[in-house]
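Chain by chain, the residues:
There are 2 protein chains.
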Amino acid sequence: ERYFVRDQIEYADALKRVEAGDVIVLANGEWRDFDLVVTGQGRADALITVTSEDAGKVILTGQSNLRVGGQYILVKGLVFKDGYSPRGEVVSFRRSKTDQARNSRVTEVVIDNFSKPDRYESDYWVGIYGHNNRFDHNHMVGKTNKGVTLAVRLDSEESRENGHRIDHNYFGPRPVLGSNGGETLRIGTSRYSMYRSESIVENNIFDRTDGEVEIISSKSGGNIFRGNVFLKSRGTLTLRHGDDNVVERNVFMGGGKDYTGGIRVINRGQTIRDNYIEGMRGTAFSSALAIMNGVPNSPVNRYVEVEGATIKNNTIIDSRRIGFNVGADEERSAAPSNSTFANNLLGGIQGESFLEVYDDVSGISFAGNRVVEGGVADELSQFTQASIEMERAENGLLYPVDPEFAALGAPRDLKPVTLDQVGPAWYAKPGSGSVFGSSGTIVEVHPGEDTLVDAAMAAGDGDVLVLGTGEYISNRTIPLDKAITIKGAVEEGEDAPVVMFTRPTLIELREGGNLQLAGVVIDGALAPDSVGNSVFRTTTYPIKSNMQIEMDGVTVRGLVVNKSFNVLSLGKSSLADRVTIKNSSFADITGAVVSAAAETEDYGQYNVEYLEITGSSFASIGGPIANVYRGGRDESTFGPLVTFAGNAVAESGHAATNSLGASLNLHGVQTANITRNVVAGSAPIRIVHTVGTPKTSITDNQFAETPKFVLEELNFEGEHRALLSGNVFANEAGQ
Amino acid sequence: ERYFVRDQIEYADALKRVEAGDVIVLANGEWRDFDLVVTGQGRADALITVTSEDAGKVILTGQSNLRVGGQYILVKGLVFKDGYSPRGEVVSFRRSKTDQARNSRVTEVVIDNFSKPDRYESDYWVGIYGHNNRFDHNHMVGKTNKGVTLAVRLDSEESRENGHRIDHNYFGPRPVLGSNGGETLRIGTSRYSMYRSESIVENNIFDRTDGEVEIISSKSGGNIFRGNVFLKSRGTLTLRHGDDNVVERNVFMGGGKDYTGGIRVINRGQTIRDNYIEGMRGTAFSSALAIMNGVPNSPVNRYVEVEGATIKNNTIIDSRRIGFNVGADEERSAAPSNSTFANNLLGGIQGESFLEVYDDVSGISFAGNRVVEGGVADELSQFTQASIEMERAENGLLYPVDPEFAALGAPRDLKPVTLDQVGPAWYAKPGSGSVFGSSGTIVEVHPGEDTLVDAAMAAGDGDVLVLGTGEYISNRTIPLDKAITIKGAVEEGEDAPVVMFTRPTLIELREGGNLQLAGVVIDGALAPDSVGNSVFRTTTYPIKSNMQIEMDGVTVRGLVVNKSFNVLSLGKSSLADRVTIKNSSFADITGAVVSAAAETEDYGQYNVEYLEITGSSFASIGGPIANVYRGGRDESTFGPLVTFAGNAVAESGHAATNSLGASLNLHGVQTANITRNVVAGSAPIRIVHTVGTPKTSITDNQFAETPKFVLEELNFEGEHRALLSGNVFANEAGQ
Ligand SMILES: [Ca+2]
Ligand SMILES: [Ca+2]
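Taken in sequence, the protein lines are chains A and B.
Numbering-wise (the working numbering), the first sequence opens with residue 7 and increments by one.
Numbering-wise (the working numbering), the second sequence opens with residue 7 and increments by one.
Mixed in with the good hints there might be a few duds.
[Said to hold, decoys possible] Examples of chain B residues toward chain A, derived with CB under 10 Å:
no. : residue
1   : R93
2   : P123
3   : D124
4   : N186
5   : Y609
[Said to hold, decoys possible] Each computed EDC-like pair below joins lysine to aspartate or glutamate, with the alpha-carbon atoms no more than 20 Å apart:
no. : chain 1 : residue 1 : chain 2 : residue 2
6   : A       : K421      : A       : D280
7   : B       : K318      : B       : E254
8   : A       : K87       : A       : E59
9   : B       : K82       : B       : D13
10  : A       : K103      : B       : D529
11  : B       : K103      : A       : D529
12  : B       : K103      : A       : D535
13  : B       : K103      : A       : E477
14  : A       : K103      : B       : E477
15  : B       : K263      : B       : D583
16  : A       : K82       : A       : D28
17  : B       : K488      : B       : D467
18  : A       : K103      : B       : D535
19  : A       : K318      : A       : E385
20  : B       : K103      : A       : D456
21  : A       : K103      : B       : E455
22  : A       : K103      : B       : D460
23  : A       : K87       : A       : D41
24  : B       : K435      : B       : D118
25  : A       : K82       : A       : D13
26  : A       : K103      : B       : D456
27  : B       : K103      : A       : D460
28  : B       : K701      : B       : D335
29  : B       : K103      : A       : E455
[Unchecked claim] If you anchor each label on the Cβ, the simulated ranges turn out as follows:
no. : chain 1 : residue 1 : chain 2 : residue 2 : range
30  : A       : E36       : B       : T606      : 39 to 45 Å
31  : A       : S438      : B       : T475      : 54 to 60 Å
32  : A       : N344      : B       : T606      : 48 to 54 Å
33  : B       : T475      : A       : A431      : 52 to 58 Å
Worth flagging that the hints you see were computed from the coordinates, not collected in a lab.
C-beta atoms are modelled at their ideal positions from N, C-alpha and C, and glycine is treated no differently.
Next up, chain A with everything else stripped away, as it sits in the complex (with noise of 0.2 Å):
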């Protein structure tokens, strides 16, 4: 039988109905917060089937979720968008706790941008119970809220050793979620991971998925990844707790981009071969491999030592770092053992330590290794250490000319999956660019009463404003959902253009919000008086995009009606991919220049993944210049990352309000870099290190009348771990 549906009601009365070998067509268009239950029970030879009818042309909109229960079960061409679940999940292979799918497929189904509003409300988008199941050619892009993009799960005996096929899945672009909870595959929890889990992940592509520092998590036994290709993304597989898992003829290809990394080994009988791993910048957790040292007769929830693992014929070339013992410290002192790591080609970066090791490697027996560029450390002097002549085969990927060295690394006949063989075909899979300037539309605007309003409120996204001599006044405070460029534009001997503005508030960041604004001077003069105004701010409705803010040669003045008056706060549940400010001025400000601090709650959350000052002068600024907070003691995140250098900064961080009474205020900030500023008259540099370890450097950096930095350690026992180095101090404050 086929039925052809047009709405839920049909769609219902065709469920009862349904019997093994009928087809349920599901008419195009929208259909708007549907729970699309589907349960039966089909045949291996009369599957049950739930398809559109046209690909791509049935779109689930609002609160809707697919829910799939029986067996033998095929759900086809189904599009998620303009919404979000009700439940824990998009689509789950489970109709409830008691029907979980068997024998059943999800295909060609897109879950595009169809995240929680609240980036701290988490959910899976898809979750894979019951028994053999596949979940095959889907494409999943752009979650911005919590949990794991796609779960299997094994909290039922009927869910392990299960069986499960995900393969030819794109999973696209994932914006760093600011938080644990950004892994987009995850097979187990630690719980469960006693027992195997047997899914194969096979030909799936990752891109871009940088949710937090674990792209796949395995934790559970047996599983296979397989031929999967990890394009651009931050973050490793790891293999955080079961035994017995094959990671096989993957490809890692990391761009060169930060925080890249390649694959983490815990636990036993682990093997890792095949693979071919390049252009990778983590370190530590994040390498392009990383073998640790576990915890001695380790309770299920921390680190199952290393024993018996395989790693061999894998190329691992242009890579910053490979750790053996990662990890290793009081706790985790049990060294890997009985394991094999041969025939693996290793290049690193020339000039830079690449294998390093923190324990004893005894355990390991080497053979066959070279190590063709970077720094090694002692004990794995063994290794040959030479460079080859290679080149890029038809494959793409980098191999030795000689035939010598055909036995060393990843094989010759690696076929990475392409984009076009992941996915439904029917949907396009999303490019990159920047975000400013992209329409190449440049509007003029003239100076007056909300002349600037108007003009941003009427701007298409990418488009660019430019502003000339005057005065632009705003009475309304500029709603932004869209990359916007504000650029001054004069003549020489001209003034720049002058934006002030009559609300609290000159511009709202609001979802889809980026701004860039370059050689304008934004003055306070006619801002109301009311405490906590700030010139651009987040929003109180949750943001789920990630934004981008930027301002070269900008002047900020005269932010003094009130107490708290900040050039830029970060509210909660927004997070910004990079805040950059360079060659601008800041001066006469009652509050923060740059306020990343709400995220209070201690959960491991923050506002800000790169903030950068340079070059730039601060006068009189009350609050902390920039305050940045992430509390907690999670480790999933590798932000935030703040630079402050090159900057001048005088008489700052003096306000009552600010009462933490700093310049600047680091907390929680995995990596700060504070260099070459000069410094005077002004509070102290305070940085708070956390958990994990975070890299503090401040160094050449000049101070009068300022008095020496605060540095605490909440966690960490023993000195305050900043690099500190040829700074100055010129007072007797800091003495």
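Dock chain B with the ligands against the given chain A, drawing on the hints supplied.
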């Protein structure tokens, strides 16, 4: 000419052509996103009129506002609802800084819940500029965001000595804002308070205008407040800055509500006569009558001393407090001088102190005053003290029966303006009533998966859901945008219904959400393993409405799957009017029971007005049982108010995530009453006082193996001001 216009383009055309004497009629219907600008040169005998086709049928929605410039303009009959102004005002008596209205009138305009979505984004609903304008018979109700409801502005020369009339308006319920900026009417600002405004505010009704401590804030000279009626409104008519104001023939009916007040007197030459004040319960700044001490040679933004005040023939009856020299301290040391206080009829509350004196009253000449009830300070012992038989006259006010007292107190001929005389007759005024159970509908809900979710989502406002014995498992979070009651109803001897949930949150409170729970068990056993779960929490979208949350006979247990699992979390930009927990039981919870600590900016904002926890038990609660935070130095609010009485607490406050190490953490709470609790093996109670005169009493509690209180004063020099008595510590830790 009469222009009938159907859309914004037709309106703009008509406005271009309009001349003195013309009328523009807006067609009935919805006008969305309408920046309605009216300007032109009318004449006294030939107004320019903009009006509705039918009164009340022209609805401005979305982002709309009205700006009036020019002169001799009349605007009539509009309704603003379902939206908010994109500007700083909904109704503005200026088109731009240079085009302020003169001799113009806005009448029969309704502004109904037209508040900005974020409660801390400020605007005025009405801004009166220019000269000789009238604002009358308008209706304003439900302003939930920060900023004065109606402001008269004096920031340009032409707007001083302005002769504005504000009359016969209905200022309807304004909920507690939970921050400064909740005044209903303000004339001037401190900066221009040396100027005379000469505005007349008469025959308006202020009904439950509870925004903050000032209902009316007069900050200029020469104003007349006459014949207004204040109904159950918290706060006072305050002569905050500026001289020579007259307050006469007003009627204040407090109805015995908390914090109801009358008139607060500061500055020179004020006249307070012929007013009637009954049923007030405020004290200090919120007394029925507060005559303040001033600052010698006060700067304009502090307190100018009272000099030349005439206070006579007022009736103040059934009220808690009249204060002389209110606010006297080291800075405010100038007592009233050259003033008269005569022929006032005064009645306090039996057995309570009523007339209080805090400094020197020798500068006030007293004559003919009579106190009929309540305690009198020694300094005022010359007042005749004896009760008088009183009866309610036809005007609804109390007067002495004996004609001998005809010259005492408020005059007989007061005719308080009535609700049908204010606002437009065609727009209904809001009633009052309980939110819970108001629909009369009772819905039986059966145990099972998602039966409670489905019932709650289908329920109407005020419905009662009745649950029987059994398990109720929710796989979706219930979005609550109405008042519902969830009630267990079981036969004697049967078990109470058990509610469980598989999402991080059982119920998410949204705009309009109110929750009453009784007789149910909530068990966290099925909640996901993620940090920061909460059984109840507010949405991350801003909530305009104030919430009520009640639990009676509720058991909550087993919130242990991860750390920081709370029972109730009130998030940023949300305010609960009242959270009541009684006869309930909480055990094994890793987080807080009530977390009301999201307003961390120290702007004087907070998340709960009344928190009352009584007769309940708490065992193994990790975070503070209640965490209430109000930071900053603002003194404009009455709350938060916390009662914690008759509870049993065991082994609580010890979670590592409870960074303050307190079993109860009250920071900046204005009134705290902690009494008759039994506390064992728990972290200490922590009370931090910020500004003002917080009232904390901790009495008759028993502690075992619990450290003594942690008490801090942030701004007050000297001993902590908490009243401590009758507390017993049966342990060493507390010594
Ligand atoms: Ca993780
Ligand atoms: Ca106030």
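Okay, the hints, checked on the actual structure:
no. : hint                           : in the structure
1   : R93                            : holds, 5 Å
2   : P123                           : holds, 7 Å
3   : D124                           : holds, 4 Å
4   : N186                           : holds, 8 Å
5   : Y609                           : holds, 5 Å
6   : A/K421 with A/D280             : holds, 12 Å
7   : B/K318 with B/E254             : holds, 10 Å
8   : A/K87 with A/E59               : holds, 18 Å
9   : B/K82 with B/D13               : holds, 17 Å
10  : A/K103 with B/D529             : holds, 18 Å
11  : B/K103 with A/D529             : holds, 18 Å
12  : B/K103 with A/D535             : holds, 17 Å
13  : B/K103 with A/E477             : holds, 15 Å
14  : A/K103 with B/E477             : holds, 15 Å
15  : B/K263 with B/D583             : holds, 14 Å
16  : A/K82 with A/D28               : holds, 14 Å
17  : B/K488 with B/D467             : holds, 5 Å
18  : A/K103 with B/D535             : holds, 17 Å
19  : A/K318 with A/E385             : holds, 19 Å
20  : B/K103 with A/D456             : holds, 12 Å
21  : A/K103 with B/E455             : holds, 10 Å
22  : A/K103 with B/D460             : holds, 18 Å
23  : A/K87 with A/D41               : holds, 14 Å
24  : B/K435 with B/D118             : holds, 10 Å
25  : A/K82 with A/D13               : holds, 17 Å
26  : A/K103 with B/D456             : holds, 12 Å
27  : B/K103 with A/D460             : holds, 18 Å
28  : B/K701 with B/D335             : holds, 18 Å
29  : B/K103 with A/E455             : holds, 10 Å
30  : A/E36 with B/T606: 39 to 45 Å  : holds, 42 Å
31  : A/S438 with B/T475: 54 to 60 Å : holds, 58 Å
32  : A/N344 with B/T606: 48 to 54 Å : holds, 52 Å
33  : B/T475 with A/A431: 52 to 58 Å : holds, 55 Å
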